[in-house]
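Colleague: Chain residues, written in single-letter form:
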Amino acid sequence: MLWWQNIPFFSIILCLLSAAVCSVLPPRGARAWGRGVLGLCLAGGALLLAILGQPGSASFTFMMGHFPAPWGNEIRAGALEALLACLFPGVMLCALLSGAPALSSGRQASREPQYLSLCMLLMAALLSQAYSNDLFTCYVFLEIMTLSAGALIVFQNSSQALAAGMRYMVLNLVGSGLFLLGVVLLYYLTGHLLMENLFVSLQALAATGEYHRSLTIIIALITVGLSIKSALFPFHSWAPDAYSSGVPSSNAILSSLVSKGYILLLLKVYARVFGWDLVLLSHVDHLLLVFAWAGMIFGSLAAIRTSRFTRMIAWSSVAQIGYIFLGIGLGAGGGYQAAVYHLLVHSCSKALLFLSGEELRRAAGGSDTFADLAGAARKHPVYGALWTVGAFSLVGLPFTGGLISKLLLGGEALRHSPPVALITLAVLALSTLLNVLYFLRTMLILWSPGQEGSSKRGTLSPLGLGACGLLAAGILASFFLAQPLLEVITLGLSQFS
Amino acid sequence: MKNDLDRDLSLSLEESSPQASRLDAAHLHAHDTRIHRQDRAFSTRENQAHALSLGGYRALSVLVAVGVILVLLWGVMDLPAFGRDTNPVENEVAERYLAQGLQEGGATNLVANMILDYRAFDTLGESNVLFTAATAVLLLLRGLQTREADRSLAAAAPEAPADPILRAGARALCPVILLYGLYIILNGHLGPGGGFSGGAVMGAALILYREAYGSEKMGHLFSFRTYRAISFFALAFYALSKAYSFFTGANHLPSIISTGTPGAILSAGLILPLNIAVGFVVCCTMYGFFALFEKGEI
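Sequence order for the protein chains is A and B.
Going by the numbering used here, the final residue of the first sequence carries number 497, and the count climbs one at a time with no gaps.
Going by the numbering used here, the final residue of the second sequence carries number 1298, and the count climbs one at a time with no gaps.
Worth double-checking, as some hints may not be accurate.
[To be verified] Distance ranges between label pairs, derived from CB positions:
no., chain 1, residue 1, chain 2, residue 2, range
1, A, Ala50, B, Thr1248, 49 to 59 Å
2, B, Arg1084, A, Val200, 46 to 56 Å
3, B, Leu1060, A, Phe60, 48 to 58 Å
4, A, Trp4, B, Leu1060, 49 to 59 Å
5, B, Thr1248, A, Ala204, 50 to 60 Å
6, A, Ser104, B, Tyr1244, 31 to 41 Å
7, B, Tyr1057, A, Pro26, 23 to 33 Å
8, A, Trp4, B, Tyr1057, 53 to 63 Å
9, B, Leu1110, A, Arg28, 46 to 56 Å
10, A, Pro26, B, Met1077, 51 to 61 Å
11, A, Arg28, B, Phe1293, 24 to 34 Å
12, A, Tyr187, B, Pro1192, 20 to 30 Å
[Said to hold, decoys possible] Output of the computed footprint for chain A on chain B, the stretches with three or more beta carbons under 8 Å from beta carbons of chain A:
no., segment
13, 1130–1137
14, 1166–1179
[Claimed, not checked] Covered by chain B, per the in silico footprint, the following chain A stretches (three or more residues, Cβ under 8 Å):
no., segment
15, 31–44
16, 109–115
17, 145–153
18, 190–202
19, 379–386
Hints in this document: simulated from the structure, not taken from any laboratory.
Glycine included, every Cβ here is placed at the ideal spot set by N, Cα and C.
Hey, can you work out the whole structure from these sequences and the hints?
Modeller: So this is what it looks like as structure tokens:
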């Protein structure tokens, strides 16, 4: 065992321990502690990526205790896990740095330690979701994700946030329940919870043709459960409220991290437990494609219709989740690759839009309607520019990572049968056109001359600006460093099987 | 509660229909009142349409639920029959837990070996699920008392003194219940029991005492500071001790933790201390939930 192979275990335990520590520290101490821990996790993830991202490197497993899997618990890390271990703490750190004013102002101030404690729990859960090699461990940490994310929504305690949190809870618990049913049935059919052993047993079952009906139901249960939790159309009804009624850091964390944790889990289940052939056999991939196509169009249409700024960003998430699921639906190889790529790009872009959007909103006097936001970008040109970078990325313009993921999706679609390829390309084109419509409209409003003197210029916090700058740098880097990034993703996915 | 939910769901329905773009969640408050009005008088055509969509929604949800139930039943019929010794779950995993659990874990309660030794990482996560839930409730409800209106309301209505029978009963029962809870926790590695069940029993004792003697008197015994301190020490101990065990296990280093003599009270390595930590977390969570839901304060 090499010393750096302790990093995954160390980051998870450190986050869990920090959750307890943050809950007893005073606000300032908890803030510093939380940021420090996230920085440490980010550094650990970067180190792991530097080692595991090299071509030809192999993944490794880590025994959680004195007993080897399948008796004991086990975690596993490869190139893709290392990449996500950089993304998750990085984006959360940016969200907490940039969203700090809303957390420490007024009535909220005394509750900030609890907020940070929940963020630490969420980070531990996200990292475990990435590293875990055992389906039941995934479920345990999925519960932590569900509960802590719900609490992040209601932190503000406004009636709007409470209603959104309530709806989130009800629907997400349905999703958790379906997923758990799937896991229980899988255990009953195979006697295993470890992903490798499940894969072997399921391949044997598929070869004999036994329990075909049950397997199809299990795949459908897990797919639908996780689709509800990641807000895929038509299970998205909780998402626009949940993504837009919390404090800015909650909005950013929910839309760019929590949903990605569930998608990652689904991808792992498909790639490492069932294997793509079994998914094809159950025809669930068709379901995913149809939902993804519909979501890409419907989410964008809803974003166009809404008259509120934050809500528009939230609705665009529904469309973007559709893109990621489109990648998964297109299947192993190129499809998964595109899905993971878009997952990375969307995490950075959506967090940037929410966080810089909040600064623009504050420049406009806290209003959320488009009419009041006219000229907001001129008051804060830096944040205006950062917001524009995020919007460009989601539209898929050159020099942003969004273009690469759309190219990957389009390219992969061409390898499928003509009807699938044609519909996918048509939907991609239409959705891009709709994206252009609402992001362009918003940009024009933000940069228009607008009313003068109606609001005061907010103070620029260097930390918040740095955090948004980092996210924008991530978006640009995913364009300019697309080739090495794709190699890491391909390597990570090949280590899955 | 049910009405609230209906209203929420009907809102979501309205929102996904094309003609309702102007309905935004930010206007939730306005909707609230509008729908209240509709509850009272279904007279206009718009209101009738709303009632229809609500009825349609209910019918649809019943249909979906029945559909899912039927599909699940259909799937279950395909599964291997329950309890046969040839079933896939009777494999080498369960076998080792039963055959070697006593030597490897050291607890005569084999379930304790499984959850606190073999699969301790899952249980570490599970106790953090409780902590997450407790923190979420704390975040949600503890702020409420600081609102002016609530405080004046609380001042206007002081707690009524509890029934003398309840007080006498609680005085006799609380120590016994607490002791029994403690026994379940301390005996968790030797027989049925453990931190989760024992902690729940101890939490029940605290709740009974609070009901009988009021929150103020309870405050001397168990305040918010106590709650914070106990949760912190229990969880930090859990995380740190398991970190040591995971680290030594994975790196194949010698560990100072020994399994001891199976059956002795001080045996089974970390299982007894972990049961105590879990018990404290569960007890605090139970009592915390009750206190927060009752008064918004621990």
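Colleague: All hints, please: hold or fail.
Modeller: So, going through the hints one by one against the coordinates:
1. Between A/Ala50 and B/Thr1248 the beta carbon distance is about 27 Å. The supplied range of 49 to 59 Å is therefore violated.
2. For the hinted restraint 46 to 56 Å between B/Arg1084 and A/Val200, the CB-CB distance of approximately 22 Å leaves it violated.
3. At roughly 49 Å, the beta-carbon separation of B/Leu1060 and A/Phe60 lies within the given 48 to 58 Å, and the hint holds.
4. Between A/Trp4 and B/Leu1060 the beta carbons are some 53 Å apart, a value that agrees with the proposed interval 49 to 59 Å.
5. The supplied range of 50 to 60 Å is broken by B/Thr1248 and A/Ala204, whose beta-carbon atoms lie about 36 Å from each other.
6. For the hinted restraint 31 to 41 Å between A/Ser104 and B/Tyr1244, the CB-CB distance of approximately 35 Å keeps it satisfied.
7. Range check, B/Tyr1057 to A/Pro26: Cβ separation about 48 Å, and the 23 to 33 Å hint is violated.
8. Distance hint for A/Trp4 and B/Tyr1057: a CB-CB separation of about 54 Å, consistent with the stated range 53 to 63 Å.
9. Restraint check, B/Leu1110 to A/Arg28: a C-beta distance of roughly 47 Å satisfies the suggested window 46 to 56 Å.
10. Roughly 59 Å separates the CB atoms of A/Pro26 and B/Met1077, a value that falls within the hinted 51 to 61 Å.
11. At roughly 30 Å, the beta carbons of A/Arg28 and B/Phe1293 sit within the given window of 24 to 34 Å.
12. The hinted window of 20 to 30 Å between A/Tyr187 and B/Pro1192 holds, with their beta carbons roughly 23 Å apart.
13. With 5 residues carrying a beta carbon less than 8 Å from a beta carbon of chain A, the segment 1130–1137 of chain B meets the three-residue requirement, and the given coverage holds.
14. Judged by the Cβ-Cβ criterion of 8 Å, the segment 1166–1179 of chain B is not covered by chain A as claimed, because only 0 of its residues qualify and three are needed.
15. Residues of the segment 31–44 of chain A lying with their CB closer than 8 Å to a CB of chain B number 0, which falls below the three-residue condition for coverage.
16. Note: the segment 109–115 of chain A has 3 residues with beta-carbon separation from chain B under 8 Å; the three-residue rule is met and the coverage holds.
17. Under a criterion of three residues with beta carbons nearer than 8 Å to beta carbons of chain B, the stated coverage of the segment 145–153 of chain A is upheld, 4 such residues being counted.
18. Proximity of the segment 190–202 of chain A to chain B, defined as three or more residues with a beta carbon under 8 Å from a beta carbon of that chain, is established by the 4 residues found.
19. Coverage of the segment 379–386 of chain A by chain B is violated in this model, with 0 residues showing a Cβ closer than 8 Å to a Cβ of that chain against a need of three.
Comparing the model with each numbered hint stated earlier shows that hints 1, 2, 5, 7, 14, 15, 19 do not hold.
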